[in-house]
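J.: In case you want the letters, here they are:
2 protein chains.
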Amino acid sequence: MPQELIDRHQPTLDSALAALATRDYWSPYPESPRAYGEPFALDAFHGHDLLVDQPGTDGRVGPDLENGGEQSPYGPELRVGYPHAGDPEALVAAARAAQPAWAQAGPLVRAVVCCEILAQINARSAEFGTAVMHTTGQAYGMAFQAGGPHAQDRGLEAVAVAYLEQTRLPERAEWTKPQGKRDPLRMVKEFTAVPRGVALLVGCNTFPTWNGYPGLFASLATGNPVLVKPHPRAVLPLALTVAIAREVLAEAGFSPDLVLLAAEKPGEGLAKTLALNPAVRVIDYTGSTAFGDWLEENAVQAQVYTEKAGVNTVLVDSTDDYAGMLANLAFSLSLYSGQMCTTPQNLLVPRGGIATDQGHKEYQQVVADLTGAIEGLLGDDARAAGLLGAIVNPGVLQRIERAEKGEFGASALVSRSVPVDGFPDAVVRTPALVTLDGETDALPGECFGPISFVVAVDSSAQAVELLRDTVRERGAMTASAYTTSPEVESAVIGACLDAGVSLSLNLTGQVYVNQTAAFSDLHGTGANPAANSAYCDAAFVASRFRAIEVRRHA
Amino acid sequence: MPQELIDRHQPTLDSALAALATRDYWSPYPESPRAYGEPFALDAFHGHDLLVDQPGTDGRVGPDLENGGEQSPYGPELRVGYPHAGDPEALVAAARAAQPAWAQAGPLVRAVVCCEILAQINARSAEFGTAVMHTTGQAYGMAFQAGGPHAQDRGLEAVAVAYLEQTRLPERAEWTKPQGKRDPLRMVKEFTAVPRGVALLVGCNTFPTWNGYPGLFASLATGNPVLVKPHPRAVLPLALTVAIAREVLAEAGFSPDLVLLAAEKPGEGLAKTLALNPAVRVIDYTGSTAFGDWLEENAVQAQVYTEKAGVNTVLVDSTDDYAGMLANLAFSLSLYSGQMCTTPQNLLVPRGGIATDQGHKEYQQVVADLTGAIEGLLGDDARAAGLLGAIVNPGVLQRIERAEKGEFGASALVSRSVPVDGFPDAVVRTPALVTLDGETDALPGECFGPISFVVAVDSSAQAVELLRDTVRERGAMTASAYTTSPEVESAVIGACLDAGVSLSLNLTGQVYVNQTAAFSDLHGTGANPAANSAYCDAAFVASRFRAIEVRRHA
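As you go down the protein sequences, you meet chains G and Y in turn.
The first sequence begins at 1 in the numbering used here and counts up one residue at a time.
The second sequence begins at 555 in the numbering used here and counts up one residue at a time.
Don't take each hint at face value.
What the hints assert, rightly or not - Listed next, the in silico EDC-like pairs over lysine to aspartate or glutamate satisfying Cα-Cα at most 20 Å (straight line):
(1) G:K177 x Y:D578
(2) Y:K731 x G:E297
(3) Y:K735 x G:E31
(4) G:K272 x G:E247
As the list claims (entries may be wrong) - Now the stretches of chain Y that chain G is said to cover, found in silico as 3 or more residues with beta-carbon under 8 Å:
(5) 603 to 614
(6) 711 to 717
(7) 1052 to 1060
(8) 1075 to 1089
Claimed, not checked - To give an idea of the chain Y side of the interface with chain G (calculated C-beta under 10 Å), a few residues:
(9) T576
(10) Y579
(11) P724
(12) W729
(13) K819
(14) R970
(15) V1065
(16) H1107
Worth flagging that the hints you see were computed from the coordinates, not collected in a lab.
By construction, the Cβ of each residue, glycine as well, lies at the ideal position given by its N, Cα and C atoms.
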């Protein structure tokens, strides 16, 4: 079975490694839904009871809401049941028991088994699209792509980087040290990558697969069994993932307990319990800054990888494509109702206005034109619904209502409700734009959701300093700038290198600051408070395993 | 100046990278003292006042003992003065101010400047030999090699691994994504390695340069300024290092404050103060488990690399070279009086005896023969002094005295004093061997110094389990085994992979378990409690910097 998997997936692995070296576009997973057959109906999930074979469980989570079941941001209940992780120690013990054979399998076998898991996930992308849509609120098109093929890309990227890192040392080396007139010393040395221990993935609500797969597959490919603790509102996509992984592992001759779902009922605090277990040696987390900081400070026995919250800045200095800039920004602010860790929040515009290919534009004109671009983009309800998706949770909705009341500042654009065909209970809202004056108004902290701020600043030089300070103090997953000035460009690049955030410059076409491409772009940097790691550099995998050497005389 | 350094050191860097890939023997630094001219007299250091140009200082440490000056384990005072780090905040501020230009210099310029620092250190190896001898107590020959060329090897290894890791991403990449019938999307992406922040090196007493250079050069080569906090008893070797580094950096056009000595007076707790400074983002530490654990648990703002204490095991099952085994073990136990983190402590021997090329040897015979081998090796006082070195501190001496009193068990070999020519106050002691019974006696924890235990065990199978448990519970920097049995070899390899320690098998010649070779052997694994990292794998450098991306339409 492993040899068959090697034959099947080695070419994919090789292509992934080649793409990682050149950072050119590459993906083995078509991103068009048309490649995957008919859409999957939500109803088809109803009544499913997943992962009934798992150890360490007592009773079920779901399918009823009262028992921890999920409700779609579009309204319907999901009505799926999962094993309740009532005995965390037993889950950890099962994972540890599964580890030795997986550790001994070696980097290549682990990599191709992971490729097979991803291939089977890929074949069911339509199912994942529906599962991600109805747990995150993403519109179907985005849920399919970001939650399906693009998440699979990030998973495969992690598998490839893990394989590369584990094979940096030769399996066998000869060492010959000259000794003058005497015979040389000769040694033979063998190097083996060994896993660190049990890994824990703590999933998030908005991108359960896209943010979950890098850590899950990096840990698994380096030999660590993985406990998957999903966000209580987004269990289904990760439960399906775990179910597929367990099937593939068992078929390949390994214990399915290398991947275990750890689902909880509301308020049980299972992530904290598992994170402090001494056998848990790797943790991946995406979510709030408060819990990410808690993990970094308390789970000291583990290598902890976090992606937390930040405030993303756009510096608007000048442009030679005013219409393209407005269209690009309007799309970035609207996509998934700004509920991405990468969505711009603060747009810094000089109060004296900006130079454009359509002439000088006053600050107020820029605000009005951006407002118009958003309204134009979202004028048609069906198109708007397909871009905005639904509001993921009540906290975001409350924040929109605060913006409507003017609590954050003067409204340039007020959020409105958008109806969604077939989902009368869906909560879908267009973005709100608030104007602030950088001289008199304090800039708000992270304001997750469809609320952005157009901030009048004295100059682009001041904007550069504001960007730098915001990244350093609040953290940022992205930064963006529009300028035709080499001096401003140089200054903003310097500020981004200094503060530790990646920069998108003058995006006016179909590439958006919110989005990164696996095998080419890094997601996050690890160099500012928003995240302590990046998808997927060497640092993201190199500490998930250790090299053990056996040496002897030749 | 940088171009001249590139021309001078690029070939060395290329050779280091090639050696790292093959793990064959390589070094640019001759290890024979004869290559470096006359030995350096200790007196020549007297009255020196080093690093008078450093910022952040108030007054001096040393030269008098009452003011924190150093006394050689061989007796004499060193009588050297150092700047006292009276203002840690000012030291950190000076380091931060020095960082930007160094960060902008790029991986290649940083690498060759580090190569030049190492080359100038290498040229003064005789001076380092004497400085290391009279701070650590190592005999001159070892102090010269381990503290000189071999430490320089480990420093250069870190520079090369750092260069390799920082250049894994291309500086510039083109990304072209097909769009069906439309024009493809084209982006240009640039990647830049940026440093993490201020680095702190906390040095140790026994190997200030060998254990200090990997972290120092890994941090510096990745763009981080380094605060060097030496052990109060071993300041001189690192102060000389800092002085050379500062000179080379200034000559190359960078701020000398990229490397700063942070010397303290007894009891000031400077390492704790610096470790908790928010700007300190990387810490390297070698020393006690207690302080290493404290750093891992408290300096959560920093990436912490520790090498702590462990209990190293030798499993003696059988051998086809009994004389070679005894000679190899006798040397390993005697070298630097067992004051190496890599010295074997527990020798496990089946109580029923072992098979050898000289016939079956009872447990007591093995003990007697090992005792004889040590006595033979150390029978001549001059030769003994040249191998043993001096006892590094009073704590080790007290432990020897406890062994003499039988506090650890029955003595098979009692430590004796050895006189040293020219140093009447030197404290030099031969190893003590204590016999224990694995069935009735609890195995002691780490017993740093020249005290080892020959433990009678039921079987080699039991010995394998004892080795595994000891590594898991106490940690270990090394493990060693002698066996001619494929089954026992397989079992002990399995236990070492499982517990996370590297293994030396059947060493009977001039390679010793205590010693590892840069560019080939890893030192430590990071996989057991003795250390959380290894010299020098990718994980040791990959988190010392981050990659920042700038992308734009092509």
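J.: Compare the structure with each hint and give your call.
T.: Taking the hints in turn, this is what the structure says about them:
1. Restraint check for K177 (chain G) and D578 (chain Y): the C-alpha separation of about 8 Å stays at or below 20 Å, so the hint holds.
2. A C-alpha spacing of about 41 Å is found between K731 (chain Y) and E297 (chain G), which places the hinted pair above 20 Å, so the restraint is violated.
3. Of the pairs offered as hints, the one joining K735 (chain Y) and E31 (chain G) holds, with about 16 Å between alpha carbons and a cut-off of 20 Å not exceeded.
4. Using a Cα cut-off of 20 Å, the hinted pair K272 (chain G) and E247 (chain G) is violated, with the two alpha carbons roughly 28 Å apart.
5. By the rule of at least three residues with a Cβ nearer than 8 Å to a Cβ of chain G, the coverage given for the stretch 603 to 614 of chain Y is violated, with 0 such residues.
6. Here the stretch 711 to 717 of chain Y counts 0 residues with a CB under 8 Å from a CB of chain G, which misses the bar of 3, and the coverage is violated.
7. Residues of the stretch 1052 to 1060 of chain Y with a Cβ under 8 Å from some Cβ of chain G number 8, which satisfies the need for three, so the listed coverage holds.
8. Counting residues of the stretch 1075 to 1089 of chain Y whose beta carbon lies closer than 8 Å to any beta carbon of chain G gives 6, which meets the minimum of three for the stated coverage.
9. Interface restraint check: T576 (chain Y) against chain G, minimum CB-CB distance 6 Å, threshold 10 Å, status holds.
10. Hint on Y579 (chain Y) holds. Least Cβ distance to chain G is approximately 4 Å, under the 10 Å limit.
11. Interface hint status for P724 (chain Y): upheld, as the beta-carbon distance to the closest one in chain G is roughly 6 Å, under 10 Å.
12. Annotation: W729 (chain Y) was flagged as interfacial toward chain G, and the flag holds, the nearest CB pair being 5 Å apart, inside 10 Å.
13. A hinted interface residue such as K819 (chain Y) counts as satisfied when its beta carbon comes closer than 10 Å to some beta carbon of chain G; here the least separation is about 30 Å, so the hint is violated.
14. Here the hint on R970 (chain Y) is broken, as its CB sits about 32 Å from the closest CB of chain G, past 10 Å.
15. Using the Cβ-Cβ criterion of 10 Å, the hint placing V1065 (chain Y) at the interface with chain G is satisfied: the shortest such distance is roughly 6 Å.
16. Taking 10 Å as the C-beta cut-off, the interface hint given for H1107 (chain Y) holds, the closest approach to chain G being about 6 Å.
The structure fails hints 2, 4, 5, 6, 13, 14 (numbered hints given earlier, in ascending order).
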